[in-house]
Amino acid sequence: MSAANRARPGRLLILITLVLGATILWAFWPGASHEARLGLDLRGGTQVILTPELAPGTEGVLTQDQINQTVEIIRQRVNGFGVAEAEVTVQGSGANAAIVVTVPGVNPEGITNLLKQTARLDFRAVLAAGNGIEIAVPSASPSASPSVSPKAVVQPTELPIQAATSDELYEQYLSLNCFTPGLLQGGRADDPTKYMLTCSKDGFEKFVLAPAFITGDQVSDSQASLPQQGAGGWMVTLDFDSQGATKLSEASITLSKLPSPQNRFGIVLDGLVVSAPFFSEPILGGKAQIEGSFKAEEAKQLSQVLRYGALPVTLNIAESTSISPTLGQDQLSAGLLAGAIGLILVVIYLLIYYRALGFVAVFSLIVAAGFLWLLIIALGRSIGFTLTLAGIAGAIVAIGITADSFVVYFERIRDEIRDGKSLRVATELAWVRARRTLLAADFVSLLAAVVLYALSVGSVRGFAFTLGLTTVIDVLVAFWFTHPLVTYFGKSSWAESGGILTGVSRKRLIAGSTILNGSDK
Amino acid sequence: MKFNEVGNRLYTGETSIDFVGRRKLWYFISFIIIAVAAFGLFGRGLNLGIEFKGGAKFNVPSVTSVEDARNIVKNAGVETSVIIAVGNERLEIQTPPLDETEIETFISKIATDFKVEPGLITTQSVGPSWGADITRQALIGLGVFVLLVILFLTAYFELRMAAAAIVALLHDLLITIGVYAITGFEVTPATVIGVLTILGYSLYDTVVVFDKVKENTRGIIAQSRLNYRESSNLALNQTLIRSINTSIVALLPVAAILIVGVGILQAGTLKDLALALFVGIAAGTYSSIFIATPILVQLKERQPEIQALARRVHARRVNAGVDGPEGMKITGSPILANQLMQAGPRTQPKRFTRSKRKKS
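So the sequence lines, in the order shown, correspond to chains A and B.
All residue numbers for the first sequence refer to the numbering used here, where the first residue is 1 and numbers rise by one.
All residue numbers for the second sequence refer to the numbering used here, where the first residue is 1001 and numbers rise by one.
Keep in mind that a hint or two might mislead.
[Claimed, not checked] Across the chosen pairs, the derived CB separations fall in these ranges: (1) B:Thr1183 <-> A:Gly60: 44 to 54 Å; (2) A:Val472 <-> B:Ala1035: 37 to 47 Å; (3) A:Asp167 <-> B:Asp1068: 50 to 60 Å.
To be clear, the hints were calculated from the coordinates, so they are not data collected in a lab.
Every value quoted in this text rests on a predicted model; they were computed, and no experiment measured them.
Idealized CB from N, CA, C, for every residue including glycine.
The whole structure should be built from the sequences, with the hints applied where relevant.
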């Protein structure tokens, strides 16, 4: 007798009750959201899938580093766009990477154009800098005309603003408030030959900047490192190509002599200033370092930004889908209706064919469905799993596959009874044999789910995840719920009596066969 | 005879369908189906959705007739389009690829003519290379999966069973794709999902059948009552009821998706997915019985020890006067169940329950 035969069914039932209880706690943890996270196709919204590619004319391959940097840039754009619940995720890696952006609402104006803009990296001299809020013009200033109050200057609605001369930007600079919603999104066209008015990425500083003196492609490398002497915090080192080195030495000779803030330069990524260090001395060798009170993480981020500039990434819009909330609602109810019909059909079939044993199967299906529902809620909160229509379809298909496990087990029990075993022995022997079949078959399903999940993007992924999840639930429920329940069933005197409603009636299972009747006499 | 009695007789072998022996018939049927499928595939080709060829799709909640809709779309400046009425209240308009600005203008133009709010118009726009990417990923996924499954099935069963299972799997995939070619149903990413799910299901079914074959043929070399072919055929008959039941149970929910998808939504994920699944699961059940096991038997019968077994079984029957003496022919004659009952591990004496023992 194997270990499973000795295992006490009561213990397994207690075990699954505990697991179920823990899952309920996890799903309904007080204070957290208790609803499944619905995908775009069920609640409406816009989804844009972008495929990153190296900009034309650049050589090399797309690194994970650059993809992550691109995702960061897009996240900044989307968050700055001012929509709640926007999501940016990356699926796949390397040449197959796809960036999936999901925002609520249908066709938010200009979102796609905002997303596909190639981000530029430039170095620009600072002409004026100040706190990122409106600056009141000193009333004593004799040059200020009393008829023009700074409030009269229209607040910029998008950044950066570019102009041929810095004067044009100056009045707007004064009135600019970087915390105006929607300003810090970046993603607007950025002409390196023009002057620019913009904010720092966090909004705390605003700048008027000169045309770029170095462009991102002239940075050949950048690393975050600790100074040799160990004093001070992290720093970021920069290497420039020969063109960049010449321009750097020219700029640093001029700028380092000027007073603050004109000795500073802005490192501008995607239209926003990521860092604005100052030149302490002329830099002649094409190698520079930015020192400051960097934390390790900040230094790494900045060096990543600088490396990105060398190989700008273009984004292609691979797919953009937008679904209205009413269609989403329709799809959700249709999906749930299909699930309900499917479940009822299977329940009816199981009850007609397996009678009392069918009840065990129906209970098991209900427990499995309960697990799935709880996990969808819990995983939605913890790992951001979203339920899509394809996912619902996957769950409905899983009803059949889970019920198949019970069919395999029950038919085995019937075979054992035909062989003359008592019901109690039959349920255990059948389990030992059915168990292997179930594990092998479910392993193949799980394999399919994992391969699909790892190698696909978009809706296929959501489906694969649901399929894998339900396969695991299937095994769990069969081992810890169905089997112990059948064991109790097998021990009951009513089932052993073999009435026609038990589903394991010996009389019915040998009827019509001379061999079975003969061997039984 | 009642259904349950058929099941009982199938189990003992008193009623036996010669699945393995009549394999040429099954192969022929499959050959015809696959030939038609291939004809459809290379003749008509697949009706690829915009996800695969690029384009834009608009879903408009409107009761306007398709004819009027065509004029509205033409007025909006798009010459070629496909317009389908979805349900009673929606229209689906497919156009060639449009860029983002064109889409915005198009929506605002047709929204006025259809008298709907632009926000209620659902859009989907796909770049032409994206579909190629998805397809390539799906094919890579298929390749990796087949490789892993061969490794797993070889470890769990043996190489020949793995090979037979994969042949059955490809058979199912071909038939499913063929049905799409012949019916002209649109192929979308949801269809691809459906097809990929068949991978798992078709093998699940085959694993269940092969597990019984493996059980019946364990220690088969050590006896001389049954040859490999008869043992496997008995396994097929014994699992037949189970195969029918698992297929019905798997098809019922899929049928529900299909009914709701076609009947209520009329287009979209559910329909695309369910049709592929329905055809695939049906083909999967057929192939695990009619294709996988006969191929397995053919492969096994090339092994010298299985051939030797067949000769021994034959010689024994000739001695007993139950079979003709001609040649080394491997017979597919119906077998008596008690021959199997005496062979292998299932030879424990019959036990009676306590209650029955008292009575007798």
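- [ ] Sort out which numbered hints this structure fails and list those numbers smallest first.
- [x] No hint contradicted; all consistent.
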